[in-house]
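Quick mapping for you: the protein sequence lines, in order, are chains A and B. Sequential numbering of the first sequence, starting at 297, is according to this note's numbering. Sequential numbering of the second sequence, starting at 374, is according to this note's numbering.
Note that these hints are calculated values from the structure, not bench results. All clues given are correct.
Not the full set, but computed from the structure, chain A residues with beta-carbon under 8 Å of chain B:
#	residue
1	Gly338
2	Leu386
3	Gly396
4	Gly402
5	Ser403
6	Gly404
Each computed DSS-like pair below joins lysine-lysine, with the alpha-carbon atoms no more than 30 Å apart:
#	chain 1	residue 1	chain 2	residue 2
7	B	Lys425	B	Lys467
8	A	Lys309	A	Lys353
9	B	Lys433	B	Lys450
10	A	Lys353	B	Lys441
11	A	Lys353	B	Lys425
12	B	Lys450	B	Lys429
13	B	Lys467	B	Lys441
14	B	Lys441	B	Lys429
15	A	Lys353	B	Lys467
Virtual Cβ for every residue (Gly too), placed ideally from N, Cα, C.
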Amino acid sequence: KAGVTQTPRYLIKTRGQQVTLSCSPISGHRSVSWYQQTPGQGLQFLFEYFSETQRNKGNFPGRFSGRQFSNSRSEMNVSTLELGDSALYLCASSLVSGVGNGYTFGSGTRLTVV
Amino acid sequence: GDSVTQMEGPVTLSEEACLTINCTYTATGYPSLFWYVQYPGEGLQLLLKATKADDKGSNKGFEATYRKETTSFHLEKGSVQVSDSAVYFCALSKIQGAQKLVFGQGTRLTINP
Numbered sequence: 297k298a299g300v301t302q303t304p305r306y307l308i309k310t311r312g313q314q315v316t317l318s319c320s321p322i323s324g325h326r327s328v329s330w331y332q333q334t335p336g337q338g339l340q341f342l343f344e345y346f347s348e349t350q351r352n353k354g355n356f357p358g359r360f361s362g363r364q365f366s367n368s369r370s371e372m373n374v375s376t377l378e379l380g381d382s383a384l385y386l387c388a389s390s391l392v393s394g395v396g397n398g399y400t401f402g403s404g405t406r407l408t409v410v
Numbered sequence: 374g375d376s377v378t379q380m381e382g383p384v385t386l387s388e389e390a391c392l393t394i395n396c397t398y399t400a401t402g403y404p405s406l407f408w409y410v411q412y413p414g415e416g417l418q419l420l421l422k423a424t425k426a427d428d429k430g431s432n433k434g435f436e437a438t439y440r441k442e443t444t445s446f447h448l449e450k451g452s453v454q455v456s457d458s459a460v461y462f463c464a465l466s467k468i469q470g471a472q473k474l475v476f477g478q479g480t481r482l483t484i485n486p
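Extracted from the complex, chain A is given alone in its bound form:
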């Protein structure tokens, strides 16, 4: 079966712009979580969506937002980009909310802010 698909794989944006990243979960999975990976801060939880509702949120500024659609696909948006937002953004999907429920990661979107 198809895995978690993240698009685009690579993205270059300019400071001050905004960006939208997409995550298509494994078929049947209803929960999508997002993580940011940087060399300095490591892997940090951004937020989780389940049945179109944000269930949990990490410690990130309001410039980071997300949403989930009725088909469980999720998008995350970062507004007013800063250089420090350069990172690999990973999403993970699972059947229901919960890390133990078949939590599977995508290959990520590499965002570079210049």
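Since the structure of chain A is already known, use the hints to place chain B on it.
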């Protein structure tokens, strides 16, 4: 808050050497513990997990035992291969509260032939 500490990397070994990557955690309650592996240019793959004290997770020759008394979950392999070269992350997740993974900083492992 909850946290995970891994041994500093990078780690470089010769093929067929023994591997241990140390991982300790701080958490209230009884978290589930995980090891993930990340190959170059890819996302994270679950390597193994343990959900309660004294559980041993194992996969592809890797093992880790959930030690509640020492709050540790060290990753071990008896004979490493060049294909094991990757970055390894220890992580925890709580049963109660926010459903998320808390990761260690990662350990880069390089195996030389």
